[in-house]
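Asks: Spelled out from the first residue to the last, the chains are:
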Amino acid sequence: GENVEQHPSTLSVQEGDSAVIKCTYSDSASNYFPWYKQELGKRPQLIIDIRSNVGEKKDQRIAVTLNKTAKHFSLHITETQPEDSAVYFCAASKNTGNQFYFGTGTSLTVIP
Amino acid sequence: KAGVTQTPRYLIKTRGQQVTLSCSPISGHRSVSWYQQTPGQGLQFLFEYFSETQRNKGNFPGRFSGRQFSNSRSEMNVSTLELGDSALYLCASTPREGANTGELFFGEGSRLTVL
Chain H
1 GENVEQHPST LSVQEGDSAV IKCTYSDSAS NYFPWYKQEL GKRPQLIIDI RSNVGEKKDQ
61 RIAVTLNKTA KHFSLHITET QPEDSAVYFC AASKNTGNQF YFGTGTSLTV IP
Chain R
1001 KAGVTQTPRY LIKTRGQQVT LSCSPISGHR SVSWYQQTPG QGLQFLFEYF SETQRNKGNF
1061 PGRFSGRQFS NSRSEMNVST LELGDSALYL CASTPREGAN TGELFFGEGS RLTVL
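Chains as they are written, first to last, in my numbering: chain H, 1 to 112; chain R, 1001 to 1115.
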């Protein structure tokens, strides 16, 4: 089965700095890679996603890059703000239904 | 539109008991999946239902089961509870038919504590 590894598990940055979270996956058949943000006590919510036919996608301060050859993808958050503090999960999925393999999460703290 | 609704939100059980959790998806969503969230383990896939049929199943023992009704509402059941079953159980629905449809819309979860 698919195995998704996520690093780092915790990350602290100063407000205004950039944050990068990295994930690797094992199954070359995976073709959809979403990122979810989970604030304390709340439900996970999709913040950005990328499909395997695209190498990079950007949405304002958030970007995701995908390297299919190396089987890794990364989340980049620029100009971080305190409200970016949350746990971020990467995930991978194949075209076989809505079965997602999640990473173990990164707890991001943005220090004002 | 109402979001994904899960009941109960919190429950405490003792070892050996069984529990049933309920999930009502967003209106019009036909795919419902369940995830177990524990500290340090992230979200682990339990199973997915689409049109009352289990479409995918994760690597959990047979004590974990589920079903989906004709109105797309879903239930999951855990029998013979163990301490390690303590977790947040999240239900998610998706808006479109077919495979790999994209965004999961999560409920707030049912937090199960097994004593």
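Because the hints were derived from the structure by calculation, they are not lab data.
Just so you know, not all the hints are guaranteed correct.
Said to hold, decoys possible - In silico lysine-lysine, BS3-like type, Cα no more than 30 Å apart, as pairs:
1) 71/H x 58/H
2) 58/H x 1001/R
3) 71/H x 1001/R
4) 42/H x 1057/R
5) 37/H x 94/H
6) 1001/R x 1057/R
7) 68/H x 94/H
8) 94/H x 1013/R
9) 37/H x 22/H
10) 71/H x 94/H
11) 1057/R x 1013/R
12) 42/H x 94/H
13) 68/H x 58/H
14) 58/H x 37/H
15) 42/H x 1013/R
16) 68/H x 22/H
17) 57/H x 42/H
18) 58/H x 22/H
19) 94/H x 58/H
20) 22/H x 1057/R
21) 37/H x 1057/R
22) 1001/R x 22/H
23) 94/H x 1001/R
24) 37/H x 1001/R
25) 57/H x 1013/R
26) 68/H x 1001/R
27) 57/H x 37/H
28) 94/H x 22/H
29) 22/H x 42/H
30) 68/H x 37/H
Treat the numbers as computed from the prediction; the structure is a model and nothing was measured.
Asks: Looking back at the numbered hints, which does the structure fail to meet, lowest number first?
Replies: 3, 8, 22, 25, 26
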